[in-house]
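Positions 369 to 877 (this note's numbering) are the ones given, in order, by the sequence shown.
Keep in mind the hints are simulated off the structure, nothing from the lab. Don't take each hint at face value.
Claimed, not checked - Each computed DSSO-like pair below joins lysine-lysine, with the alpha-carbon atoms no more than 27 Å apart:
{"#": "1", "residue 1": "Lys741", "residue 2": "Lys645"}
{"#": "2", "residue 1": "Lys601", "residue 2": "Lys645"}
{"#": "3", "residue 1": "Lys638", "residue 2": "Lys741"}
Said to hold, decoys possible - Across the chosen pairs, the derived CB separations fall in these ranges:
{"#": "4", "residue 1": "Val862", "residue 2": "Asp566", "range": "29 to 39 Å"}
{"#": "5", "residue 1": "Tyr539", "residue 2": "Ser786", "range": "31 to 41 Å"}
{"#": "6", "residue 1": "Thr452", "residue 2": "Ser785", "range": "20 to 30 Å"}
{"#": "7", "residue 1": "Glu646", "residue 2": "Asn505", "range": "44 to 54 Å"}
{"#": "8", "residue 1": "Ser594", "residue 2": "Ala797", "range": "14 to 24 Å"}
For glycine and all other residues, C-beta sits at the position ideal for the given N, C-alpha and C.
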Amino acid sequence: MYLPAENIQRALLTANSAIKVPLSLTAPIDAIQAPDNYVGFGFETAFINDYANTFTLNLLNSIGKRLGSVPTIRIGGTSGDRVTFDDSQQEIKVCIEGDCPIGSAASYILGPRYFDGFEYFEDFGITFQAPLGADLNVSNTEIYVSRAYEQVNHLVAIAIGNEPDLYSTQYDVDYTLGQYVNDSQTIIAAVSEILEFDEGGRVFEVLDFASNKPSFDLIDVFGDNSYNSTNAKLAAWHWYQLSANYSSSEELQTYLMNHTAIITRFEPLKSQITYLKENDPTIPFVLSETGSATQSSIEIQSGFGAALWCIDFQLYSLTQGVSRVDATHRPAALHSYWVPDDSAGAINPGPQVRAVWYALPFVADFLGQSPGKVVEIDLESDTLAAYAIYNSSTNNVSRLAIINLRTWVNGDDYGSSSRGSETISVPIASNVSSVTVRRLQSAAGAFAMGFDYAGPSENVTWAGEQWSYSIDQGKGHRVDGVSEKETYSVSGGVVEIEIQDSEALSIEF
Numbered sequence: 369m370y371l372p373a374e375n376i377q378r379a380l381l382t383a384n385s386a387i388k389v390p391l392s393l394t395a396p397i398d399a400i401q402a403p404d405n406y407v408g409f410g411f412e413t414a415f416i417n418d419y420a421n422t423f424t425l426n427l428l429n430s431i432g433k434r435l436g437s438v439p440t441i442r443i444g445g446t447s448g449d450r451v452t453f454d455d456s457q458q459e460i461k462v463c464i465e466g467d468c469p470i471g472s473a474a475s476y477i478l479g480p481r482y483f484d485g486f487e488y489f490e491d492f493g494i495t496f497q498a499p500l501g502a503d504l505n506v507s508n509t510e511i512y513v514s515r516a517y518e519q520v521n522h523l524v525a526i527a528i529g530n531e532p533d534l535y536s537t538q539y540d541v542d543y544t545l546g547q548y549v550n551d552s553q554t555i556i557a558a559v560s561e562i563l564e565f566d567e568g569g570r571v572f573e574v575l576d577f578a579s580n581k582p583s584f585d586l587i588d589v590f591g592d593n594s595y596n597s598t599n600a601k602l603a604a605w606h607w608y609q610l611s612a613n614y615s616s617s618e619e620l621q622t623y624l625m626n627h628t629a630i631i632t633r634f635e636p637l638k639s640q641i642t643y644l645k646e647n648d649p650t651i652p653f654v655l656s657e658t659g660s661a662t663q664s665s666i667e668i669q670s671g672f673g674a675a676l677w678c679i680d681f682q683l684y685s686l687t688q689g690v691s692r693v694d695a696t697h698r699p700a701a702l703h704s705y706w707v708p709d710d711s712a713g714a715i716n717p718g719p720q721v722r723a724v725w726y727a728l729p730f731v732a733d734f735l736g737q738s739p740g741k742v743v744e745i746d747l748e749s750d751t752l753a754a755y756a757i758y759n760s761s762t763n764n765v766s767r768l769a770i771i772n773l774r775t776w777v778n779g780d781d782y783g784s785s786s787r788g789s790e791t792i793s794v795p796i797a798s799n800v801s802s803v804t805v806r807r808l809q810s811a812a813g814a815f816a817m818g819f820d821y822a823g824p825s826e827n828v829t830w831a832g833e834q835w836s837y838s839i840d841q842g843k844g845h846r847v848d849g850v851s852e853k854e855t856y857s858v859s860g861g862v863v864e865i866e867i868q869d870s871e872a873l874s875i876e877f
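Could you build the full structure based on these sequences and the hints that come with them?
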């Protein structure tokens, strides 16, 4: 089990020498090929129209230009199983039951104007959800799917429902493996017929399970004799690091900004990924809905500490065989990377870019437009994580990411009043005389929320760049006085670089 926060504190305070990074200069045999569109996005089904604006497009394009192919947006969520359609309704949506008017666990009637929201994202890959639920209504599913399909320019997949492993609790019924297998294949058959898909065509995203201990899992579904996976294009899972309600910097350190906590949380997924790779390797495993937390304070869910967690989480997931991670959004969800408008009011004020956003350009730049293979470098630490990416042509190391997860918050009683740091020592090839370093940083530390939410005192920058609704409508701009990159000279075949607590950096060789 990972260390409690007070032990992390003591362990790091006694460290006084450079930490040697055991970096292989050529790709190890177990390195994983990175996809060229690994960084994805997700919008809750009932709220796609809130994201159909220039602000959102600017942010999406900021990531898209860093990737090798267009990003994928998953349109789905709890509300996606609870939507119905009224052809005569003038409103985009009307919330009729449940967590109204801005919740995901609510029922919505959609009008024709709802589907206009899909057109706004015509340049992106789209996965959208076919409504399932515990009380399947095939005709309702067909209406939604056919209307959405008409508006989608680049279809990635059609997802079958959302978190069916939770239906028993959500709908107060006994929802079984057999019912899921039967219902999902009923939808696949019905949708394939109305959209005239070729028989056996791989179009559908299956599972989209929520829990790391579900009542039935991927192995159960794919191992069921009555289940036919020939139409499955993707197998999906959901991930939220925290489910309890936390607010302190000590809790942030123990449960979120903690490399071992990520590994522990991920452990149950390894058997699912291995089974899929061994039994149907043509189906990628994706994390189609992710976030830092479902509860906790806004500073924990979308602050700078969550950005550092997200980098570690996304890169670790890649090294374990995950093919895409979708950063998930809803206007009222505090874990959102940006808030698209003011529809959530004081619950989650917007429009704003949040500090957690900065993880996404960091990861996209680290992987690059022509990504090679990635490997985790084990530093045997709860609070330091490292990943290397290797050139796809030469097999030589291209970049090294270091994430210092030790929590530091300006003015907070937890930890030291002065910001600590670590010095890392990295081996360098004999033909390299210097390296370039770019930093993800905030002077305010792990609870920084970014300029839009808290003003310049809580600025966050990645390689000298900042994103803001109020300044640049999400296009990004350079910040005066913050360097884009630093150059370090190699001495004796190594380079030593200091990294502050609550900071991440990318070293380019």
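Lys638 and Lys741 were given as a pair; does the straight-line alpha-carbon distance stay at or below 27 Å? 19 Å, holds
Glu646 versus Asn505 beta-carbon gap, inside 44 to 54 Å or not: 36 Å, violated
Proposed proximity, Lys645 with Lys741 (alpha carbon, max 27 Å): 18 Å, holds
Does the hinted range 20 to 30 Å hold for Thr452 and Ser785 at CB? Roughly 56 Å apart at Cβ, these two residues miss the hinted range, so it is violated.
Tyr539 and Ser786, beta-carbon distance inside 31 to 41 Å? 53 Å, violated
Restraint check for Lys601 with Lys645, where alpha carbons must lie at most 27 Å apart: Given pair Lys601, Lys645 holds - Cα atoms ~13 Å apart, limit 27 Å.
Note whether the CB distance of Val862 and Asp566 lies within 29 to 39 Å or breaks it. 56 Å, violated
Range hint 14 to 24 Å: satisfied by the CB atoms of Ser594 and Ala797? Check failed, 55 Å falls outside 14 to 24 Å.
Comparing the model with each numbered hint stated earlier shows that hints 4, 5, 6, 7 and 8 do not hold.
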